[in-house]
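Engineer: With these hints in hand, go ahead and build the complete structure from the sequences.
From first to last, the protein sequence lines are chains C and E.
So in this note's numbering the end of the first sequence lands on 451, straight run, no missing numbers.
So in this note's numbering the end of the second sequence lands on 267, straight run, no missing numbers.
Quick caveat, the hints were computed from the structure, so don't treat them as lab data.
The structure displayed is predicted, hence computed values, not measured ones.
It is possible that part of the hints are untrue.
Unchecked claim - To give an idea of the chain E side of the interface with chain C (calculated C-beta under 8 Å), a few residues:
# : residue
1 : S87
2 : K89
3 : G125
4 : T127
5 : Q129
6 : P224
7 : G239
8 : E240
9 : A254
Quick reminder that beta carbons are idealized off the backbone N, C-alpha and C, glycines included.
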Amino acid sequence: MDLMENQVWTLAEQWEGKLKPISYELLAWGRNLADKLNAPLVSVVMGNGIPRETLETLVHYGADEVYCVQHPRLSHFTCESYARVLERLIQTRRPTILLGGATTTGRTLLPYLAVKVGTGLTADCTALDIEPGTGNLLQTRPAIGGNIMATIKTPNHRPQMATVRPRSKKPLCPDPTRKGRIETIEAPEEWMDNRVQFLELQALDEDGNSLESADIVVSGGKGLKKAENFSLIRGLAEELGAAIGASREAVERGWISYPHQVGLSGKTISPKLYIAVGISGSIQHLAGIKSSETILAVNSDPGAPIFQVANFGIVGDLFQVIPRIRDRLREYRMRKQQEGTHGCEE
Amino acid sequence: MHIVVPIKQVPDTAKVKLDPETGTMIRSETDAVMNPLDLYAVETAIRLKEQYGGKITVLSMGPSSAHRTLKEALAMGCDEGVLLSDKAFAGADTWATSYALSTAIRESVPYDLIITGERATDGDTGQVGPGIAAWLNIPVATYVARIENFDGTRFTLARLTEEGYERLSVPLPCLLTVVKEIAIPRLPTLKGIKRARASEISIRGKDAFPFRDEYLGLRGSPTRVVKIETPQVSRKGEVLVIKTEEDLEKAAEEFVRFLEERALI
Numbered sequence: 106m107d108l109m110e111n112q113v114w115t116l117a118e119q120w121e122g123k124l125k126p127i128s129y130e131l132l133a134w135g136r137n138l139a140d141k142l143n144a145p146l147v148s149v150v151m152g153n154g155i156p157r158e159t160l161e162t163l164v165h166y167g168a169d170e171v172y173c174v175q176h177p178r179l180s181h182f183t184c185e186s187y188a189r190v191l192e193r194l195i196q197t198r199r200p201t202i203l204l205g206g207a208t209t210t211g212r213t214l215l216p217y218l219a220v221k222v223g224t225g226l227t228a229d230c231t232a233l234d235i236e237p238g239t240g241n242l243l244q245t246r247p248a249i250g251g252n253i254m255a256t257i258k259t260p261n262h263r264p265q266m267a268t269v270r271p272r273s274k275k276p277l278c279p280d281p282t283r284k285g286r287i288e289t290i291e292a293p294e295e296w297m298d299n300r301v302q303f304l305e306l307q308a309l310d311e312d313g314n315s316l317e318s319a320d321i322v323v324s325g326g327k328g329l330k331k332a333e334n335f336s337l338i339r340g341l342a343e344e345l346g347a348a349i350g351a352s353r354e355a356v357e358r359g360w361i362s363y364p365h366q367v368g369l370s371g372k373t374i375s376p377k378l379y380i381a382v383g384i385s386g387s388i389q390h391l392a393g394i395k396s397s398e399t400i401l402a403v404n405s406d407p408g409a410p411i412f413q414v415a416n417f418g419i420v421g422d423l424f425q426v427i428p429r430i431r432d433r434l435r436e437y438r439m440r441k442q443q444e445g446t447h448g449c450e451e
Numbered sequence: 003m004h005i006v007v008p009i010k011q012v013p014d015t016a017k018v019k020l021d022p023e024t025g026t027m028i029r030s031e032t033d034a035v036m037n038p039l040d041l042y043a044v045e046t047a048i049r050l051k052e053q054y055g056g057k058i059t060v061l062s063m064g065p066s067s068a069h070r071t072l073k074e075a076l077a078m079g080c081d082e083g084v085l086l087s088d089k090a091f092a093g094a095d096t097w098a099t100s101y102a103l104s105t106a107i108r109e110s111v112p113y114d115l116i117i118t119g120e121r122a123t124d125g126d127t128g129q130v131g132p133g134i135a136a137w138l139n140i141p142v143a144t145y146v147a148r149i150e151n152f153d154g155t156r157f158t159l160a161r162l163t164e165e166g167y168e169r170l171s172v173p174l175p176c177l178l179t180v181v182k183e184i185a186i187p188r189l190p191t192l193k194g195i196k197r198a199r200a201s202e203i204s205i206r207g208k209d210a211f212p213f214r215d216e217y218l219g220l221r222g223s224p225t226r227v228v229k230i231e232t233p234q235v236s237r238k239g240e241v242l243v244i245k246t247e248e249d250l251e252k253a254a255e256e257f258v259r260f261l262e263e264r265a266l267i
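Structural biologist: This is the structure we're talking about:
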């Protein structure tokens with residue numbers, strides 16, 4: 106039983122039976138920790154009728170075991186039932202670590218669960234490690250708008266729980282020959298909490314592409330001057346296959362809807378590439394983009410704070426610069442297509 | 003309907019300046035204010051009260067100076083302020099904070115609904131709201147962007163997730179955490195400010211409620227901060243200034259090359 110008490114668990118997330126990328130990212134974090142602890146890595150999935158081939162991909166991405174808990178009422182996330190299922194599993198199987206995504210699901214479920222099982226939880230971690238000697242989980246997270254990094258431990262409570270910022274680690278390369286155990290658990294009726302009813306999902310508006318999961322985000326701000334000019338942002342985003350973001354000013358002027366807002370009172374994102382157009386870069390905005398891999402900025406004010414955090418900046422009139430960039434990008438793409446090298450990267 | 007709104011006093015990030023050398027916050031000029039995201043919770047509570055009647059209690063935990071934040075909420079239109087303030091509460095993590103707040107809620111007031119902001123702008127965890135719901139064993143709906151309907155016992159509401167708006171039916175009593183989209187917070191009226199000034203905030207210590215001492219403050223917190231670092235954001239890169247048509251052309255080409263070199267296109 107010792108082995109079982111030492112398990113590292115990661116929480117997979119699914120939508121309509123398909124696993125979300127965070128499920129695999131968490132396995133990359135979990136694999137690293139489990140190897141250091143010489144412990145088994147378990148991916149826990151809740152849902153309904155998830156096909157076996159889907160569950161096997163979790164093994165390919167690093168899980169030693171998969172626990173799949175099924176019930177019709179688990180097909181969509183509701184906090185109370187999901188928490189009760191995990192509470193029961195934790196009570197009987199006693200993992201040492203439980204990682205979830207710092208997603209709208211993880212950031213709801215895990216704090217609820219942490220109270221139910223009486224353990225600590227660290228939010229939105231961007232680095233995780235094992236402390237030599239004690240084997241404790243070291244959880245590092247940005248706080249105060251990314252201006253400090255705090256490292257946190259849960260020394261005396263188990264499991265040690267953390268939510269992990271999406272896209273903070275790449276999934277491992279899948280190995281289709283990897284073997285693991287898949288255990289399907291039919292959840293009994295008493296594990297279900299029927300108080301909250303899931304009704305339906307309304308997909309986001311025309312600019313669809315989810316900000317949180319996009320590799321590239323193009324954002325527009327006050328410098329666009331009016332709503333119609335957001336078409337410049339849409340055009341550039343389309344050329345790059347990017348999602349569309351916005352500063353608070355742009356949202357408050359009604360140029361674009363709130364789900365696009367990036368920053369302290371909107372979304373915190375960490376794309377590979379963030380392009381800020383006509384955004385000066387208030388501290389509130391920077392808090393939401395600091396962990397982007399690369400930041401590009403176009404602004405007419407050379408003193409704009411956005412240039413302090415940009416890897417590459419252009420000081421100029423965005424109404425000239427953006428169309429020109431778009432033209433050059435289009436030419437680049439056409440050239441690549443002719444060369445036939447497009448899309449053959451590993 | 004009795005609505006409880008837990009709020010937090012935080013440093014005022016709007017007044018914070020960014021150090022141009024290090025890119026970090028200069029904290030010396032900051033004032034303490036109500037967590038800006040809590041304003042949406044207060045506004046939502048006031049609108050529900052205006053529509054369905056009832057009473058709003060705002061609740062906070064913090065130093066005695068936090069009574070100013072509670073008065074701000076009273077000036078907007080809340081009815082009663084309660085401040086948990088005691089050395090014993092100091093150093094609480096989100097687990098111990100949600101324990102203290104939920105105990106005060108359970109013991110002091112018959113509540114129907116609890117509304118919180120999405121998270122506080124200093125700690126940035128968003129964990130206290132769902133934590134309170136768990137202690138009270140009531141349902142929680144987070145990231146609520148719209149309340150579509152209330153029939154006296156259940157809300158129909160929409161929460162903003164990565165996929166879109168998830169519509170839920172949630173019964174009272176429950177806890178909602180709201181996002182900015184839900185409502186535009188009102189400014190206090192002169193009458194509200196006068197009323198708030200005249201009202202008393204009740205300050206409660208650890209003996210005011212049947213707290214379990216071992217769950218309070220730093221002692222009751224399962225997590226421990228072991229290290230704080232200030233990251234240096236010195237990513238400042240090349241900046242091209244456009245003055246001529248040639249500059250413009252060069253900037254556009256550099257832009258594409260920059261993306262190509264990093265395999266971003």
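Engineer: Holds or violated: is the Cβ of E:S87 closer than 8 Å to a Cβ in chain C?
Structural biologist: Status violated, d = 22 Å.
Engineer: For the hint on E:P224, just tell me whether its beta-carbon gets within less than 8 Å of chain C.
Structural biologist: Nearest chain C Cβ about 3 Å off; hint holds.
Engineer: Does the interface hint hold: is E:E240 within less than 8 Å of chain C, judged Cβ to Cβ?
Structural biologist: Holds: closest Cβ of chain C sits about 6 Å from E:E240, inside 8 Å.
Engineer: At a threshold of 8 Å, is the proposed contact between E:T127 and chain C supported by beta-carbon distances?
Structural biologist: holds, 4 Å
Engineer: Hint check: is the beta carbon of E:G239 less than 8 Å from a beta carbon of chain C?
Structural biologist: holds, 4 Å
Engineer: Holds or violated: E:G125 as interface residue toward chain C, Cβ cutoff 8 Å?
Structural biologist: holds, 6 Å
Engineer: Close enough to count: is the Cβ of E:K89 nearer than 8 Å to one in chain C?
Structural biologist: With a minimum Cβ separation of about 22 Å from chain C (threshold 8 Å), the hint on E:K89 is violated.
Engineer: Does the interface hint hold: is E:A254 within less than 8 Å of chain C, judged Cβ to Cβ?
Structural biologist: OK, holds: E:A254 within 8 Å of chain C, min 4 Å.
Engineer: Would the hint on E:Q129 stand, with a C-beta cut-off of 8 Å toward chain C?
Structural biologist: Interface hint status for E:Q129: holds (4 Å vs cutoff 8 Å).
The structure fails hints 1, 2 (numbered hints given earlier, in ascending order).
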